Amino acid sequence: MNLKNILLHSSALAILALGMSLVMLTNGIDLSVGSLVSLVSIVTAGLLGSKFGVLFAIFSGILTASFFGIFSGIIISRIKLPPFIVTLGTMVITASLALVLCGGETLYWEKNWFNTIALKYFFGVPILFCIVSIFFILIMLLIHYTSFGSYIYGIGSNEEALRLCGVKVKLYKTLVYLLSGCFASVAGIMLTSRIASGNPIIGMGYEFEAIAAAAIGGISFIGGKGNPAFAFLSAVTITMLTNGLGLMGFTTPWQYCGIGAILVFGMFLNRILAKVSLPER
Amino acid sequence: MRRNDILLRFALLIILAILIFLVNPNFGKPANLINILRQGALLYILAIGMTIVILTGGIDLSNGAVLALSSCVAAIAMERGLPIMVGIIISLAIGMICGFVNGVLVTQVKIPPFITTFAMMYFARGLAYIFSHGRIIYGFEKSFRFIGTGNIFGIPMPVIFSLLLLFIFYIVLEYTSFGVNIYAVGSNSESSRLVGINVKKVRIIAYLLSGFLSAFAGLIYTARLNAAEPVVGASFPLDAIAAVIIGGTSIVGGEGNLFGSAIGVLICTVIINGMNLMGISSLWQQFVIGSIILIIITTQTYTKSAKINIPILRSRKIESFEK
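So the protein sequences, as listed, match chains A and B.
Here our numbering runs 121 ahead of the position in the first sequence, where the first position is 1.
Here our numbering runs 141 ahead of the position in the second sequence, where the first position is 1.
Just so you know, these hints were derived from the structure itself, not from any lab.
Owing to the predicted nature of the structure, the values given are computational and were not obtained by experimental measurement.
Derived DSS-like pairs: lysine-lysine, alpha-carbon spacing no greater than 30 Å straight-line:
1) B:LYS251 x A:LYS346
2) A:LYS201 x B:LYS251
3) A:LYS291 x A:LYS346
4) A:LYS125 x A:LYS241
5) A:LYS232 x A:LYS172
6) B:LYS342 x A:LYS396
Okay, chain A solo, but in the shape it has when bound (with noise of 0.2 Å):
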């Protein structure tokens, strides 16, 4: 039982993991996912409460996240300017816009399907979990046997030697900010199902988490390396370390301390652990 929640916990992190580690591949870093999530939370919540079904409000959800992700891509591509600050922007622009839309106050509206499938399951696995491995193995293929997929570790490596390739670099770079924005409403709807409202502060401290995630997978800050199979894999063990410490009986506080440690600990697992597997030169 304990080990289904865990799965239906993590499946927001896992997917924001996953787009993150896409960005991160490219040699960027997306700021803004979090407050993307409360963003779709409000804009889907306060659609569910309007008539004009279900459907229509996840794909507005989907919609306004995409449209901060293409902003984001396309001011990172064109205009060349750093990630972290572009990101940055949209992350305290969206967060605003989150709040102002609904006030500041959570939304809530009449019970439908959508409140419930956050609970239901699929052969024991939560519904959510299962459509978060659907993405993750798109992901999988679209890293493996797309061009695409290579392009992404290009763009990372050497975006120049690419670009002189005649492959167009700012399309694909506007397309992984537009899949991080994606993914991220994905994981917005997917929490407002669960919690059955909308809440302007849930995306909160999400970016950086699954920056954290990324990370201990062993994707790479300054791009190019890592798998993002590995980012996914650590969310769900982070989610799963930090359920552990409330078992094992530790107060909020201390599993603060917990998580910290953790991070600390993974990453230098991680660098052993590539320096086992790989060694330099």
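Once you have looked at the hints, place chain B on chain A.
Chain B in isolation, oriented as in the chain A frame:
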């Protein structure tokens, strides 16, 4: 950082101030201006540390949590009846220890600064809760509160402290070899190492200074509120980073200066103050600050070719370390 980058920011600050003044003349009252400085002082002290760390090519997400931890410990020490000086020293020492641990993890264990300081954020926040048992510690002696609430010739103490720190760290960055090393390490750490700069030492000291300044800001914060609590400062790291970026410091390091950060902090504070005066909902504040970040950075890339030369705004950039 180029001269016209600072001029651009200064012009933006003036334009913003004039606009707000035209909408609401109360903005120009001396009391309000001093209030802006007082509000900005705390953020500026954090921004100094953040600027130094970012100049070396790192980042410090832990300063809010370190602020909470050090102020809680100092408050507990004073509550138990220890002398004020001891409380202050303990608090600054804790800030420096946290910074030192950050620095060692970044340089020796080679964990990326982003993850190290993020982990430290959790760790320090957890310790702050553990030490304070989650309660608010309040009621300090008058002499301690003076550093947060006192005035000298009508100027609030936090402002005096931040000006003093600006002066000290300006001298350090511009006129000492340590300052030159910071810029060098941020521009190109490998060639800095090859010319014999102790890169690790420079980085560790940068994080240590950031921790020290966080603790210092924590003391002022505690003295001003007359209370210390473990939840403060969750938004401080991003506020400080936003101010530093608006101030024109390059996020990859090696470029930028403290005057820029001062202007960045003032821009943020003036916007928040002005929006409050105009009666705009506080929910919009972040939206405006985010837009300012995007607009100013975009403008900066297009004004690079413009030539405006004012010697007093000279800032150092080590050309020989450029790739």
